[in-house]
Structures are given as C-alpha cells and as structure tokens.
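Trainee: The primary structure of each chain is shown beneath.
There are 2 protein chains.
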Amino acid sequence: MQASFNELLPKTAANHEALTPIQFMERTRYNFPDAICTIQEGYHNQPTQYSTYREEYAKSCQLADALQQRGIQYGDCVAVLLPNVPAMLEAHHGIPMIGAVLLSLNTRLDPKTIAFALNHSEAKLLITDMEFSETVGAALQLVDNQQLIVVDHDDPLREFPNKGTRLGSLEYSDFLRSGNPDFKWSFPRDEWDAIALNYTSGTTADPKGVVLHHRGAFLNAAGNTMTWALPKKAVYLWTLPMFHCNGWCFPWSICAVGGTHVCLRKVQAEAIFKAIADHRVTHMCGAPIVMQTLLNYTGPKTHTHSVSMMTAASAPPAAILEKMGELNFRITHVYGLTEVYGPAVVCEWHDEWDGLSMEAQAEKNARQGVRYPMLEGLMVADPENMKPVPHDGETIGEVMFRGNIVMKGYLKNPKTNAKDLANGWFHSGDLAVVHPDGYIMLKDRSKDIIISGGENISSLEIESVLHKHPGTLDVAVAAAPDPKWGEVPAAFVTVNEAGPCAGQTTDQVAATLKAYCRENLPHFSVPKHYFVLKLDEMPKTSTGKITKNTLRAMAKNYVEQGQLKPVAATQSKL
Amino acid sequence: MQASFNELLPKTAANHEALTPIQFMERTRYNFPDAICTIQEGYHNQPTQYSTYREEYAKSCQLADALQQRGIQYGDCVAVLLPNVPAMLEAHHGIPMIGAVLLSLNTRLDPKTIAFALNHSEAKLLITDMEFSETVGAALQLVDNQQLIVVDHDDPLREFPNKGTRLGSLEYSDFLRSGNPDFKWSFPRDEWDAIALNYTSGTTADPKGVVLHHRGAFLNAAGNTMTWALPKKAVYLWTLPMFHCNGWCFPWSICAVGGTHVCLRKVQAEAIFKAIADHRVTHMCGAPIVMQTLLNYTGPKTHTHSVSMMTAASAPPAAILEKMGELNFRITHVYGLTEVYGPAVVCEWHDEWDGLSMEAQAEKNARQGVRYPMLEGLMVADPENMKPVPHDGETIGEVMFRGNIVMKGYLKNPKTNAKDLANGWFHSGDLAVVHPDGYIMLKDRSKDIIISGGENISSLEIESVLHKHPGTLDVAVAAAPDPKWGEVPAAFVTVNEAGPCAGQTTDQVAATLKAYCRENLPHFSVPKHYFVLKLDEMPKTSTGKITKNTLRAMAKNYVEQGQLKPVAATQSKL
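Protein chains in written order, with my numbering: chain U, 927 to 1500; chain G, 927 to 1500.
Hint data in this document are derived by calculation from the structure and do not stem from the laboratory. You can take every hint at face value.
Any copy will do: because identical chains look the same in the list, a pair fits if it lies in one copy or spans two.
Once the Cα atoms are required to be at most 20 Å apart in a straight line, the calculated PhoX-like pairs of lysine-lysine come out as:
1) 1394 to 1038
2) 937 to 1345
3) 1089 to 1192
4) 1290 to 1369
5) 1491 to 1454
6) 1313 to 1110
7) 1290 to 1158
8) 937 to 1341
9) 937 to 1338
10) 1038 to 1440
Looking at chain U on its own, in the form it has when it is part of the complex (with noise of 0.2 Å):
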C-alpha cells in the first residue's frame, strides 16, 4: 500500500467544499433568472403574484442580511410559523446562509407547543404569519427569551387581508428591504453543521427536536430529484406543507432543477385542481388525505396532462389509485420520518407490474419499499440482537436506518441520540415485515403514532393531556379508522368518581373531556371518540400495559358496526 493515493493528497480550497443545498437556488439564478420561482395565488380575485429567481435570490439574501443586521450569528435559530408561502422558501436559503437554523413551526399546532418549541431552540427570531396572529400572541406569553425578535408576515393574499394583529415591531416585507440584495453567504464552515430543526411528537410527552444537517439536506434534495427522476422546469404545487420536515426537502430539489413553486395558503380541492390546469403542474406531494381531498370534490377538473404525486403517510388503497389513475395522477410510495429528512424509503416500480391488475397494483405498492438513493442502509431486524429479519413477508422486525441522511441527533437529548442511534443504526420505532423481494412495508408502530390527514399525532401526548384532567382516572388514546382523515384520535376512559365527571352520561363526559382537549392541544390531535369504560375493562397485559391493540380493535368496531363492543386481547407484537 502506497501513500501517494491517499495521506499526500490532502483537501485545499480549490478541491473541498461543504455540501449545501442552498447552492441550487443560486446556481439556476445564475443560469435562468427570469425563469419562474415561485407563484402565488390570491384569494376572492386577489390578482396571482409571480416571482422569478432573481427576484427570489434577492429577497432571499435581502432576508440573510436582515438577520445578521439584527444580530443573528452563526448556529442561532430562527423560527417561522407560516403557511406554504414565498416567504417559506426564502427563509429555506436565507436563514441558512448565514449558517443560522430553520425552525419551521407547523402553522395548526397550539400556543403550549409552539412556545415549548422557542423555549426549547432559544429561537432568537420568530417570522409569523397574521392570520395566526390569535394562537402565535398566546404562545408568546409563555416565551422564556423576552428578546425574542418577532416579524410579522402581513400577507395581502391571505384569505382575510384585515384580520389578525401585529405582535411584533416589525413587518417582513419590510424587514427584507432592510436586507442587501447582493448579500454575499458564505459556504456553512461545516457541511456537518445544522441546517434545520424540526419537532416532533414521538414517545415522550414533550417533542423532540430533530436537528439536520447541510450535508444531508443536499443529498436529499438531489436524491428526489434522481428518486423522481424529475424533469428540469418541473411545475410543483406545494400540496405538502413546506414546514413538514422542510416540504421532504422538495423547496431545495425544485430549485435545483430550475422548477416552479406553486404556492396555495390552503389545501382545497377547488384551488388544486385550477392550480394543476392554469399552471401545468407536474408534481405535487401529499399524504392520503390530499388524495381523499381531490376525489371527493366534484367541481370541474379540466387538465388533460399527467401529474405525478408522491404519497406518504399511509398506503394508498387499491380504490383510491385507481380513481386517481382516472384523473391522470400517476403516485408514487415513499416512506420515511423527519429524522431521515423525510423520504427515505421509496417504493420503487416495476415496469412488469403494469400489466397487473388494479387490485394487484395496489397491493405492490403499499409496501413502503426499498432505500433512497442516498441512504446506505435500510434493515428490518430484532432491536434485542440486530439480526435483520428474513425475508418472508411474515417477520415482524424494527425498521433501521443507516446513512447520510439520518439527522444529527435530537437537540439538548443526549440520553435518546445514545439509544435511538446505537448500534450504527437509527432505530424508527416502526415496525415491518420484508418481502420476498427485499420491499418492506410497514406493520404496525410500536409508539403508537396516529395518523391523522398527515400529521402524526403521539396518543402518549394526547394521554398526558386527558390525565390532568381531574375527571379522569384512566385514559389511553388509540387511532380508529376514520373515511376523511385516515385515522383519527380515539380516547377511552375510565371516570374518576371523586372528580367532577362523576355520575355523568358518556355524552356528558365526552363534551367536558373535548372542551379539554381543544384548550390544550392542536386542533387535529382533539379525540373525535370518546369512550367511557370501567376500570376493569381497560384492556392490559398482565404486567399492568395497555394492549393498544385491542383498543385499536374495538374502536374499529364502532366505527364499523356502531356499537363498543370488548375485544379480545391479542398478543402485542413488541
């Protein structure tokens, strides 16, 4: 073994840099600045608003200089609470250039939770839209950091220009004017450095923050592009929430091949398909619910072209492909987690199963499928012994993930980054089989997530909320089958009878718990079914543990039959 290959070659400026995926937006400005960015529609006749790169460049380095003008440095986060909006893809590039990190906050959450989140990320600078202004002031009150910077987006395209109030001393088109357009970023010192932060309910009561890194989110944004084989000009209508695990890294892949963003504040079926036809959309993305959304609406759909969607969340049923089939959207699987920067198993497709019949179709591509391009491994295996499960499509095994695009960790949780990434993989949480032909799909979630229209709820979240309530002595939360939303929250109980439910009918007892609910938790997390149970129907383990199983079960039953009716226990998987 030579020397001469390896240890006499070392890194220089010229043959070293860090990867970013905010040179994609710089690189298409440079080449085609006049080509479309973004579009935003308006609503009641608001006239469209179109934006081209170099308008976008601008405003993104406008903002980068703005920041830094206020003080904010290198490895500080900035948060923003906004819908899917142009001031969304900016703060994507110009938080990051300057090496600050985005925390994109879901604009539906709760003033307890978004406070949590700034108190959590010492966010030094909060951008928020108006029209969220009610929810955003009270969380403001709970804010440690009375420093906090906060800008308010006053967009004229909102639904309702007049309404929502100022929180902060400063307006964000104002704000960006204050930038310098020709702002010079630098490459992040570190292409291991964080780019984003987003949080998400996991097991624990409060949310964890998973951190990401430059490196991972440029590997990801190029692996859709190679996943999807996406075109260059894609036309992509923002169908996904840009503050979901940063739009699954698409505000950095559509600029990487010189596309257009397609903004709409609301997801709604007219919206949609007028934005498909009048813009020549091409891709989108969305969980079930948007799919649901789209074939419920009976308005006109007049464009004629194909489009692709990628779904995630849940697998899409047979019935639903094929009416989506029908109306020229061609879908594709993918599956992931924000600790993977959202999509990083795809279900790839085989030319020889078109010739299968819809059913069958169907049936292939629920599975979740096999590793993205740019993550190194993927394996199904006993978390106790790391042995991969084999593959007969029976095995029950812990989904793992090894690789470039595994995040950094979790902020300020040291004692979770030492179990979730032990062994040299990424422990999900999730729980699978693998088939035959090495595509996994998933079986069943060991922390009990609930998916709800794409959110991911923690029934361990909900839980910790009914618990406080002084009218309930015993709760657990598990999803029940839902037409419009996929799933949704299910609460059973069990009513403290020294407390104030006592003696109530179930209906009674529903109402108080709901009013709980709402005043304490987002909106999509509210249980929609409320049980009332006695102690020793609460289905457990002989170890004292709740079969979520069975609670799942029954609440299927009601939601099927009409009635509550008590299940039999099965053996839970994990």
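Fit chain G to the supplied structure of chain U, relying on the hints for placement.
Mentor: Here is chain G on its own, set in the frame of chain U:
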C-alpha cells in the same frame, strides 16, 4: 450562538458514511436484480451477450475478492487496459470495493506511455484485453515491477478471437471464478480516499496522473443524472471510451438509474445505428468525431425514436447540429477536463432558444455554458490577480474551477499541485470569455493561441468560420512560424465531398476559403496557409480531439522545408 446545534451532535456510525458511487450498483441489484445491466454486441454473427444486475454485481464482488486474495490492498493501484466491455464496468466497481485505485489505460497508447503509467502508479496488477497483447507485451518489457500480476482478458466477442497472446498466467474469467460472488465490500475509510487515477499528458512531457476520490465520483455521477434529467432505466450506448476519465462517471450514473450499458468494442457507424435501433438506446456520449462518423454513414438508419447525446471536446457546428437533429439526436454540449471528473460545465438550454434559426441555436450551443450542479465555483479570471473578467463576451481569461468535483491532485507531483490548485481555484489552462448571460465560451488552450504581429488570435474563432463554409467537413487551425509576423494561422481542412469544393485542387480550395475568411474575419486572423487532408489524416487523440501539437509540427515542417509531411501524433491530453 449556542453549541447545541453544531458542537454537541457528533457524527456516529448511524448517521455518517463515506460517499461512494459503487453503492449505486448495489442498490439497483437489490431493487431490480433481473434488470439488464450490460449488453455486449459481438462481431461476425457472434451472439449478443446480456447480463443482469444480479450477474454484474456478483462479478464485481468476485473481482474484489479475487484481487484481495492476490494481496491487493487498500490504496494499491490496479490497472486495466480494456475497450468498452462488461469487464470494464466490473473494474469500476470491484477495484474500489476493496479501496484499491482504478487506473484506466487508453487502449491506443504506445508501449512507452503504458509502461510509464504502470511504473509511476506502482500498479500491482494489470487486467489487459488480448486484442492489445502486442503493445502491452512490449510495455511489460519496460515495467520496473517484476511482481506485476497480469490478467489477460480473453474476450470471445473480440473481432478476431484467435489473435493475441497470453501475457500473464491468469485469464480474467478464471480470475473472477476464484473470487466469492457473495463478497461483502466495505465503504471507503474516508470519502476523500482515491477511487481512480487517469493519466493526461497536459503541457509537460511526462503524463500527469489525475487522482479522483470517492466523494467527487459519487457527486458527479449524481450530477450527471441531474444535468441530463436522466430517466430511470435509461439505455446508454458506450460510444465514449470508459477509459476516458472513467467514462465521465457514467459507469456509475447509469447504474444509479438502473439503466442498461450497451457495450461495443469498437465505435463504428453501422454497429452504432444497429445498436440504437435494436436496443432502443436513449442516451449516449461522444466527441464530435462520433457525430461526424454517424453523419458520413450511408447505410441503414432504422431508429425512429429520439436519442439524447452529450458531446464534449469541441463545440458542435451548426451544420452538424442540424443534421443530427434530422437523425433524431438531441445534443447537449458539455465541457470539462479529467481534473474535474469529466463534464463540469454544461450549456444549459433555454426553452426560448427553440424559436431561433438553426444557425443561431448552434451559436448558443457552441458556448461551453455554466457550472454543473455539483461544482461549487466556475469563473474566468486573470490568473495574475484572480480578478474575474467582465461578462462582455470579449475579455479573455483563464477558466477556473472550485469545489467537490475538482481532483485530489496529481500523483506525486506536489509542485504542479501547488501551482494548479493555487489561490483556492483549479487553474485549467483553458482560455475563455464570459458572455453577458454568464455563459462561458472557450477561446483556446493557452498554448493554442496564435500570436501574430502582437495580436492574440483565437484558433477556435477561425475554425468556427471555416466550419460554416459548406465546402468543409472538418477543420483545424494552428500556428505556423512566420518570418515577418512571428506566427500566422494555418488551416487544415477536410473537404465535404457533397459540397462546392468537391473535386477542387488544393489551390482552388485555398482560394475559396481564403476569400470566405476575408469576408468573415479580421484581416490578421485570415489563415495564410491551407492544407487539404483526408478525414483520417487529421491527427486526433483517441477521444477525437484534434492534436494541435501535431498540426503545429506539420505547419513548421512545411514552412521550413516546403512540404507537408505527416508527423507522428504525440500522446496528447485527453
């Protein structure tokens, strides 16, 4: 600034892995084991050979294991001298699987140059095709390493399977069989470690060894898929030699999209058209000589589908672009050097150019263009003060590259590395201007500039004028010594047998072209000498680049001795 985001979240085995392009083939083998990976066409009615990803991946693993069994270690060099055959694809995977460095030798080199490369690289093993056993046998006489292991590739699909002698004690297929097809390869210890070595003669007498690393090869392999918007399962015809700068990284790019490599041992028009039609080839690369070869072919051209072709080395003239378009070829013009992993600049097409005349389109497409998505910096600058030239289309500067697809450096050449990678940029030695739209256009190699009476004359500019004349098929311009002006331009032309100069004497051709140049060029740029050559007399490198060194020597010979004599082509830069 808080430490939580950057300092406190270190890399772990779960979330950091060395980037390497060899994982693409492994992924496709996993996802689509039965997809066709290679197709090799035979000669003289020998049957076409098909090989699946399962088979090619197993062979690559066998190669890796066989090499390791022979004592090849991490950081050792393994040389191959092979035409475009499946074994060459296996070499691009099996050799780096054990951290060894792939040296691809040009099959048209002379024994001395081959021996130089084997000695300089300290190659431990050589895989050599028996078609070249005479040349390689002579080279082996000059090799220092008496322990060099020679593996003969006895390809039954070569043109004359009975010709050629064994040079070593091992035959390639036996050698593969000695390896384990289930060999488990390891990721590189560091993505900065070398994956390949390519010799380029550069401007000095001794060839320089360009060392490329896993990180850059991975990135440019992905960059190719993005730049070309490469579809899944592309069918790629190998008209570009794989030994030329690792086939510009396409051995890895095509595997990344699960595509098929169509291999021809020789690039001949009939075989190309047959392969395009038989296998529905979608993509291919090649120097302009390949286009000329195709256009001159008068036999059947039966394909009706569109083929995307990337071309490099020199700008495609309008007439050729137009004729290629009529044959259903869509041309993408790229530019690069071995030092930047092949193409690092691309003439990104603007849709609005479609509306221009064919001539105007060719003029746009003659520019080299803009940086690849994986190249972080491209500029044309004054090498003295590193100041970028204005975007005026006139001021000439040196093309400089910066970023992750710039080579590690030249092997055992610290002086040249210090010079060529100085000031944070790789200095290419190519001269160019930047047009107002930011697209660069090559003007010349520094040494190809003709200095006449104090004027800097670009030979490319004269060539582009001569190309436009309907009487020419191929043209090249080089400096001839001149007692009065120091240097004058000399034109070397091949006559278009279907054009107005067909059947003319050299003097008539000279008069015609001189008159045309006078109309279209500054007076001092009009060539003084005109030489008519047959197409195969034009001195070219193995990759179709005209060797200006040879032309200069011919012109000098003519001026000094009054006659034009062919001069042996010297080994020139790739």
